[in-house]
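Let chain B serve as the given structure and place chain P on it in line with the hints.
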Amino acid sequence: MKTLEELLKLKAEAQAAMAQKTRVLVCCGGCTSSGSLKVTAAFEKEIAAAGLADKVQVVKTGCMGLCSQGPIVVIQPGNIFYSHIDELKVGKIVNEHLMGGKPVKEFLYPETVADPDKILAMAETNFYKKQLCLALRNCGHISPLHIEEYIARDGYEALWRCLNEKKPEEIVQTMIDSGLRGRGGAGFPTGKKWLLAAQQKETPKYVICNADEGDPGAFMDRSVLEGDPHVILEAMTIAGYATGSHHGYIYVRAEYPIAVQRLEIAIDQAHKLGVLGKNIFETGFDFDIELRLGAGAFVCGEGSALMTSIEGNRGEPRQKPPRSAEKGLFQKPSLLNNVETYANIPQIILKGADWFKAIGTEGSTGTKVFAVGGKINNTGLVEVPMGTTLREVVYDICGGIPGGGKFKAAQTGGPSGGCIPADHLDVKMDFDSLKKIGSMMGSGGLIVMDEHTCMVDIAKFFLEFTVDESCGKCVPCRIGTRRMLDILNKITMGQATMEDLDKLEELCSHIQQNSLCGLGQSAPNPVVSTLKYFRDEYIAHIVDKRCPAGVCKKLVRYTIDKTKCKGCTMCARNCPAVAISGSIRQPHEIDQVKCLKCGACMSNCKFGAISKG
Amino acid sequence: MDMVNLKVNGISVSVPKGTKIVAAAHEAGVKVPTLCYLKGVNEIASCRICMVEVVGPRGNSLVPACAQPVKEGMEVLTNTPRVLDARRRTLQLILSDHNKKCLSCVRNGKCELQELCHEMNMDDEDHFKGAQHLPPVDDSAVHMDRDNSKCILCRRCVSMCTNIQQIGVIGANNRGFNTQIGCAFERGLGETSCVSCGQCIAVCPTGALYEKSYIDEVLAAIADPKKHVVVQTAPSVRVGLGEEFGYPIGTDVEGKMAAALRRIGFDKVFDTDFGADLTIMEEANEFVERVKTGGVLPMITSCSPGWVKYCEHYYPDQLAHLSTCKSPQQMQGAVTKTYYAKKAGIDPKDIVSVSVMPCTAKKFEIGRDGQEAAGVKDVDYVLTTRELARMIKRVGLDFRSLPDETFDDPIGESTGAAVIFGATGGVMEAALRTAVETLTGETLARPEFHEVRGQEGIKEATYNVAGMEVKVAVASSTGNARKIMDQIRAGTAPWHFVEIMCCPGGCVNGGGQPQVPASIRNFVNVPKLRADALYRNNEAKTIRKSHENPSIKKIYADFLGKPGSETAHHVLHTHYVPREVC
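Line order of the protein sequences matches chains B and P.
Here the working numbering is used: the first residue of the first sequence is 1, the next is one more, and so on.
Here the working numbering is used: the first residue of the second sequence is 1, the next is one more, and so on.
Same shape as in the complex, but just chain P:
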């Protein structure tokens, strides 16, 4: 690799050719503040906060460190009076058109703009006065709101939606001072083919984008003595939640989370991982059936509601490829209000079923058709990981000093196969563990499928199973899903089984997970750290195959019969609808 030598604030550093100044400075241990820059997502140099001085023969010039590539012999100065003054002015300009109601802002204390003001000792946020925008909040979508009075037009959300997810339902409208991020023709987000992934929220540096919150509703249900309130938590929540309480990225706080939920007042604390094991039972069975009976292949997973919605909007002609299995959240919700309700002797109408998810599309999913196994909604409220953290803080729990507790039976026990559902490739690996044993009738010596692990956007593998070559593919992000789906549509796809997750890196990086500021995200692989924690959780489990879960065996024996049975179909399967692109 061609290396380039330069000096940052006099510190010599050698970096690969093409490296941007911001990364070279990081190498030299120098932090250059940024606002619009998000590595690999948004590199448009629009905010001008990262300006640095580059020494030149005809005087020093100010350049954006996020976009300027290094040159041999370059001398960069990141903290001269000129640089600091330029940043301060730019920040003052941003603040002059920013709704500075920070105290009541959802991002108060976690806002990248606020942090920047803090770092730069901003002592005059009203230096420039003048016209200011106070546009109405777009609350038309089921999963999120947009408050453009807090928007700083960094365009991270636009880049994420357009370039990474390749959906592009948001963009810049109008121009100049009147520029606003929104949908085409200034329609509400809810009127578009937005898939509700929430990746825009995940990358927003301020409080302009946030999920529709149901904390109040859930706390009210808990306070209602007539309601039996149960909660389930998705695999990824346990490896994200800790970040909100000062734990390093990739810390598994499963035990403290269960304890916290119990102390908030939930009557039962269940685990979506049980639903994940159930999903594997049904999905592996469906796959084996499709292989045996010449059904539509490749079969594609249906756990990710953002992906399902994407497929409905953009590939409505390919819906037969989707597994009919409900997602783990919905299976968990369905058995809560059928199997558990019956066992506990509670009328399903009196159960309030709450889920905690790393996901905003789950807020959409609970309102879909065909998600009412007991005649009432399988899941009533979805909270994101961020909302759970806010809830824990609101009820006054000292999270870090909580004991480690476990989930409640009879639908709280899970396997290592279930917990890896949160990472890209995890569903595929879990399904393979069960499908391979089903097809071969033999027990796998090592239930690991390393080929489908890792952070690449698209992974492929071929396994020889009982004399048959099984070709699989795994994709995360809808941008990568598009590549897979175009091949399927064209009839050139070689695969039998495909896993697709809507968010880049899978649910660990979902739109409902704690937001990681760009200052960390630009230099750390966040989805990988969280996924690693899931795989460690898997390693620690004695049972790592869904079909070996005793509680799963019991629910089939007591209630469902066998995978794919009529009851299973009624409770655990669903259908899809073609939707338009708009």
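Excised from the complex, chain B in its bound form:
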């Protein structure tokens, strides 16, 4: 393939083929864990049995985003949105919807049938209508296993235009003008990174994709890799052309086997079509991509540790300078971008920097994908313009807290980020605004917490992660985070003094200022921000020996209100520790020494006589 006409012809054919058939899109991203592969098989079987095989196509797509409703099935045309589908429901959908033309209302996502007179399309629901998908634009819409479907949605056109119509420096300038900032965590301007790499004289240069998504709960990169692998290949090839590199590496966690498999298939297809490898689009430009599987160390998401790992060494960061742009992989100039960053690039090339800049805020252009989890109704992936407020994400898009609970805080940026209290619900979600209030964008993890969350416990949870994932190279991170955890353990067990709190703060500032890499420097953030906004909770644990949220077991006391207790003995009979005594029809009592704080008594009391505090 050489000319644009050839590419556009292929695109038109693919579009026609996709339009010709009814498409049953089955989310085979995260939904595979709730059984979407069985659903797919059932559809294929039922469709064949119904003799619809030539009219209906079953497509395994990447993640559709609304994970809490999975497995999700969407039928096109019409964008009809089925949620919680299992294989037993498939027969009915095939019979009534595909054969009879009538969607099965009882299986549809409830919001789409709230109005009995019409069925909302998927994109019209609250979860989707406020979203703007750039990085995820193809996820859930195409088959990641077919390069034609990617081409049908403008795939590889940006690469063609770069190689045939643009000089490398023009592409770099477009990146600079777009204001795109790295989506992996630090938010470094992508254009500046490309410029630095392009300016290096030494060869070979390397273009690397950071697909070592390690933040607990974040899975946007996985979704792109699984749902739209070609966009990464195209973007990396553009980066190679713009910076003068011919070698690409994708460093992907081995825990993402589906992503790895789909990338391998995509690389193979791209080779066969001549859009990757030698003499791309017959322009004489060569660029090839190799996969490197990571062993799942959080620290390997840090650029220099990632490169050390690709080299075959223990994944540990190194002191900078020199920057990776000058001396990176194999001591050669290297350009490293994150998956989500790359996913934006072909569109920026096609639509221009001004188009991209118009989305988001001045300092943070474009969109950001958040992986929303925790105490929230709609867990899943949400892509919104930068600057969308936390309130909009939590309430308008994600449907608020389950059971009408009260929002207490949200943690952004994973274990390196910080918490945002309810006072800041209207904070704009962009790099600078989040940083200003002591949190960070990070890779886009967003964990929502309600009033039943203990903030000391949550800080401890994140710190346990960091302690576990510290590479062990520098002293402040290796020993310092462990000492912080030692203190947090004391606090949650009611053994700490105010002097320990001073030491904890001392350690926070020491580790932030003295650690070798960004991971160490940001490791204390969860503690720093919970101390900033929820200091009273720490003091309650330390001084009052009390956990206000009733989470820290050592500090929780279950007590029986004698005025409410009817002496039914349910609590005593359900207590595994035989800690409750009392005669029938007489008020009971809990022996605090024997009590395991399991809560069985409370959940079995029919009279609300047992309280926790």
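There could be a bad hint or two in this list.
Unchecked claim - With a straight-line Cα cutoff of 25 Å, these simulated BS3-like cross-link-like pairs (lysine-lysine) come out:
| no. | chain 1 | residue 1 | chain 2 | residue 2 |
| --- | --- | --- | --- | --- |
| 1 | P | Lys-71 | B | Lys-201 |
| 2 | P | Lys-39 | B | Lys-320 |
| 3 | B | Lys-320 | P | Lys-31 |
Bear in mind the hints are in silico, worked out from the structure with no lab data behind them.
Structure of chain P alone, referenced to chain B:
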């Protein structure tokens, strides 16, 4: 050279571009404390002790002085309250997971961590309390132990083993707080292809790494009236030992050392230098024979047991290149229990043969096959230079006030050729002095071969000897040995004769020599200073060629016959075995 101007604590200084802050500060007369940093070996900025403040437009930042290159106009502050506080916290963190049994530690008084605590007035080593590691000691190797409860994870040993020696049998296992230095799959060091060089010990700042000590055994033998205990000392010991008694690096204390050994109670004080002269006689002869008979070339020296073990593990297909000569230690041990035993009328079984070596691989070497000329081990115990110093202190000798004494006959006399064995290139030069005279039949006017001297890792020279071009190469460190051996294996090596020493700079810098703290080592060329002392010793000798040593002539006349004779082969030569990489 591009120069960069900066200020350190207000002191202007101009240094070459690329210089690190720590070196620029040194130029300005300012000491920045370090712990993990060892110039040219370990520059990974992991300990964070050397943090300094750099004045910046958006506030001052803390940076590691060991890794941060200087910039034009940079302003560095090394002793602000913020800096001192940061260092103090980091040190307290290190101490919170350190086995602080300093009184019984082998490095007590010579520990870089202890010194740092002293310098920083550490008054609260228990500021941070919590979980602590107390892993078992790895005592599986024949030459050394590892006690990770004393390890501060500076990684100097790892860098030395991996980057300089290019062996890499140790590395970091586990991660985070559980990180420990050890061998792959947490096997013992003795189960790996460690070559026993002891360079890891030489660079360890604390008491985590130390040689297996035989001081008690040797003192017990001395106290046993039935045993005749003799000692030999390698060339490098005399130029290292003084450091343990406050002498400047590069001081030759040969005379006081001999006196000390005698006062410790050794029955005879011999000199490995005699064994070195003997080695030259045999090795030069072997080389000449190989040249004349078309034997395997290049011939490679076999004095360094770490190098020999390295070759056996990593180049088992190239063992034919190794000279069959035993090392000077083993030749000395062999003639002690044969020639000397016979002369003195002592049953070799009653002789306890002790050597003092700058080397830990020698502790491995004495247990090798084919090192039993008299049917018993040629050498029974090896002590390092450090152990000898500890022994001198233990028996209560005031080393500095000892008189200068000489070695005992009949195997104590040596030449200038022998004493330079301790420096890289020294064996080659000594061998050339004898080989050239043997081949040409003429006496060298100046027995000096300057081309093979000096501290470079690999040196090459070509000499015209009796119409023949003799190409030689000299390498020190196994990392450099690898480069030489790859060429030999590939068949592209141009040389006839190659000298390889296992340790960088040769035996003067051996793994058994006194440890020099990084604060000195980073700014002083220690191997060079010690080697210079050996060359001065050589200059002072009237006899500087091994074949002119009267005692050597006598042993050949009385016992060995001529170099390469059957007796010589039985007593002075050995064989090698292929080993695996593991």
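The hints, checked one at a time:
1. P:Lys-71 to B:Lys-201: Roughly 21 Å separates the two Cα atoms, so the pair holds.
2. P:Lys-39 to B:Lys-320: holds (17 Å)
3. B:Lys-320 to P:Lys-31: Within the cut-off at roughly 23 Å; holds.
Taken one by one, the earlier hints all hold for this structure without exception.
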